[in-house]
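Chemist: One letter stands for each residue in the lines below.
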Amino acid sequence: MKLSKFVVLIFFVLCISCGKKDASEILAEYRLINNFSKKLKIKTGLVLYCYGINNYLPKDYQFKNGVASFDADYALFKTQKDSISLEEARCLLVSVAEGLLQEINASAEVQPHLDVYPFTSDLIRVCIYFQDENCIDLGTGISTVFFSNGKIKYERYEIYEYRSKYPAIGRDFLVHEEAYSEALDIVKKQGCMINVSL
Amino acid sequence: MASRTPYSSSPQNVKYSTSFQPAPPSIEQTVALSRNWSILPTLPPPVMQSSFDIRPLDLSSRYSSPNPSNFQNPVFTFHNTLAPPLQSLCSTVTVPNASPSLAGRVIPLKHFSASTYDFQFALPQLPVNSTPFTMAGVKTVNELFRDTMMKYDSPHRPLFSVEDRLLASNSSVFFRDHEQRSSPFFQHNWPAALFSPTDSAFYPLKRPGQTMAHICIERYHHSFSGQIEFFDGVQTSLTTPALKLVAASTPQLSQISSTKISVINNLVSVYHTMQREMTRIGLESLDMNFGERVEMLAVVEENQRISAMAINDSMRRYLVIPPEKPFARYRRPSLLQSPLFFPAGSSDSLEPFKPQRTALIGRADQSSIGYVCGIGNSYKTTYEGGACLYDTLGQQFAVQPHWVHQEGVPHGLSTVILEKKYSEHPNIPRAFLCDPLSDIGEVDAISLFRYGSQKAGHVCFNRSIIHEATAYQREVLLDKAKKILEQNNPKLKQLYVTFSNGGYPMNEALKQLSPEYRNTVLVITVGTTTIIDKDRACKVYNIIGTKDLPSKMCNGGEKGILAAKEKAEIEMVPQTEAQFGTGGHYFLQSDYQKKIRQIIKEEIMGEYEIE
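Protein chains in written order, with this note's numbering: chain U, 4 to 201; chain E, 186 to 796.
It cannot be assumed that every hint is accurate.
[Said to hold, decoys possible] Derived list of chain U stretches under chain E, where covered just means 3 residues or more per stretch with a C-beta under 8 angstroms from a C-beta of chain E: (1) 53-59; (2) 128-138; (3) 170-182.
[What the hints assert, rightly or not] Between beta-carbon pairs, the in silico distance windows are: (4) His-652(E) / Glu-136(U): 42 to 52 angstroms; (5) Glu-161(U) / Ala-656(E): 39 to 49 angstroms; (6) Lys-67(U) / Pro-700(E): 18 to 28 angstroms; (7) Gln-541(E) / His-179(U): 44 to 54 angstroms; (8) Leu-747(E) / Thr-123(U): 23 to 33 angstroms; (9) Asp-63(U) / Ser-699(E): 12 to 22 angstroms.
Hints were generated in silico from the structure; no laboratory data involved. Quantities reported herein were computed from a predicted structural model and do not represent experimental measurements. Ideal Cβ placement from N, Cα and C applies to all residues, glycine included.
Please construct the entire structure, taking both the sequences and the accompanying hints into account.
Modeler: Pasting the structure below:
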């Protein structure tokens with residue numbers, strides 16, 4: 004037992020020494036997503052869940068300058084009894100997507116690496132989870148809103164068995180699907196867009 | 186001595202009988218079971234008729250109760266007309282629509298047909314003839330703990346949770362055979378290790394504490410009966426009527442708390458593990474009664490953690506080297522010559538670890554996702570990982586866990602590091618060290634270091650099982666790929682989720698496949714020690730946590746991960762949860778699980794069909 008602890012300790016020390024620099028400090032695109040997400044968290048409470056670049060591209064995609072897509076997942080923590088309406092979800096998602104797009108196009112550091120400039124909304128991918136304190140998706144209202152390839156999907160989560168810890172047993176059901184351009188128009192009409200950059 | 190309260194229900198009121206068509210176990214199920222539980226002999230064809238009774242049984246001859254008439258209680262019996270070896274299998278499928286993943290647990294049947302039973306009690310995967318005990322009990326070390334647990338109630342959860350582990354590590358288990366010989370008390374303990382919970386162990390206890398529950402298993406002609414008694418902490422004597430799991434009409438069913446169910450789950454789980462280990466080391470076929478077998482297992486367990494190799498090793502040492510403690514009665518000359526412990530030509534390595542499947546989670550007719558575990562996993566934790574994935578995916582897919590690494594953490598780490606070094610620098614001379622560098626995990630790291638420094642200029646490898654893991658993975662991939670290609674459906678794919686070093690054998694196995702076969706494979710690696718290139722399979726998704734230190738280290742830190750980005754799809758998960766030592770390197774966390782779910786749901790399900 005002592006031996007295994009010793010080995011784990013050595014491993015831990017090696018890990019620490021190995022991981023001094025965060026990827027976002029090295030790669031400008033990661034830095035952009037992280038900085039944007041920090042501002043977003045202050046404004047909306049959305050927490051960055053997962054991020055990346057150049058993912059989910061066709062296998063034979065030929066890069067021109069090196070960056071072809073951005074993706075970011077966020078979580079909004081609520082309580083188990085809370086509910087998110089489709090309108091709220093739409094406003095939030097469009098705000099995030101527009102904010103991220105604006106940030107990408109405004110960044111002098113990232114711009115030279117972009118395959119397409121100005122960057123367009125169909126090249127970003129955003130997902131927002133609405134979840135409770137146990138990281139379980141909300142069982143009422145919209146639980147996930149997912150934007151990819153210019154389309155937005157709204158889903159609800161039906162919980163069959165709720166446990167005190169993740170995961171619950173449940174299933175996702177598609178509630179509504181719409182084009183991003185439609186959603187953008189609606190949000191603009193409703194005037195609920197959140198300006199993240201400010 | 187606690188007294189038993191007779192049932193109030195009269196026998197004629199509790200007579201139920203039902204007939205139905207149980208689904209025969211699939212070949213895959215059968216093969217999986219027979220692999221995991223080597224006690225299962227060749228199975229006869231399934232008999233399609235089975236019946237159940239709930240009726241009184243006279244158990245008085247089996248117990249040493251001061252008042253045998255108290256046992257004139259109705260108990261839950263399975264009347265099964267199947268051949269004995271198949272009875273155990275069928276006990277898992279006797280309840281219509283019951284999921285095999287629920288096997289071995291006492292579960293409320295609210296999800297199933299309300300007209301049958303409110304509870305199912307099954308001892309799956311155990312042939313009837315291998316249940317020689319009549320009684321097993323759970324006791325707690327601490328009375329206060331017992332009271333708290335027995336009063337505590339929460340929504341039903343299966344065995345895999347922190348509370349259950351807490352329960353397990355605070356309770357002891359004993360067994361009693363037909364001749365009233367009781368085994369020692371065991372503590373079934375999940376140590377709170379850094380890589381927790383990696384393994385479980387039994388510890389004999391001298392002070393067993395307060396009884397929480399008893400479970401009695403009886404063979405009654407061709408039937409199989411179970412009785413469970415709960416000892417409520419609020420009362421000093423046994424006042425809870427035995428076997429509340431009796432019938433649908435029992436009004437007290439709702440009073441069974443999930444904690445009590447956990448107690449029984451724990452007990453059944455302990456029994457399964459113990460039975461499996463006994464069978465594995467060959468105690469079943471020796472001329473010993475059950476009490477002796479259990480005691481012998483206790484001897485082994487006192488020194489070594491429960492794993493096939495550890496048991497074999499300690500058993501060998503125990504038999505060859507006179508132990509300090511007086512266990513003389515087991516040191517029989519016949520045992521020393523037993524081929525069970527010393528198979529011909531393998532005296533230095535008995536029954537080494539082999540990569541294997543655990544039991545399938547979910548139904549055999551569902552599309553299945555393979556889960557490949559990392560290092561430091563036992564059979565149980567590999568199964569747990571698969572169970573978590575199964576729940577994360579809303580039980581829409583079956584999950585087939587693959588246990589490809591030994592349990593030992595030092596062994597695993599040395600394997601990962603050295604294999605990685607070797608793959609980066611293939612010209613480094615390799616030296617294989619045999620005995621005493623056998624596969625005993627705890628010894629490996631130091632031995633490796635010592636022998637490595639002695640033989641300067643050589644990098645020393647022990648007989649790493651990683652090659653076996655790769656070969657196993659290759660066979661698994663190949664087998665499914667052939668089936669997929671036969672169906673001539675380009676959308677049909679096989680999907681795997683790998684965790685930690687599970688990604689390494691997957692990557693190596695993929696390298697050995699032709700492009701045609703590779704194109705049938707979809708892989709999601711989580712916290713992987715090897716980032717898999719996107720060209721290596723039809724689709725590869727790599728997910729790495731920002732606090733996943735082992736994964737980062739094995740992939741060359743942040744710079745290494747960014748460099749790999751050119752050839753691979755990598756997503757970073759800014760983890761919120763972390764453990765001391767390993768950081769965010771554990772499969773069960775919600776961050777990883779959610780990402781897996783999203784990829785499967787959004788990227789895979791619409792695009793491909795899963796085999």
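Chemist: Mind listing which of the numbered hints don't hold for this structure, in increasing order?
Modeler: Checked against the structure, no hint fails, so every one of them is satisfied.
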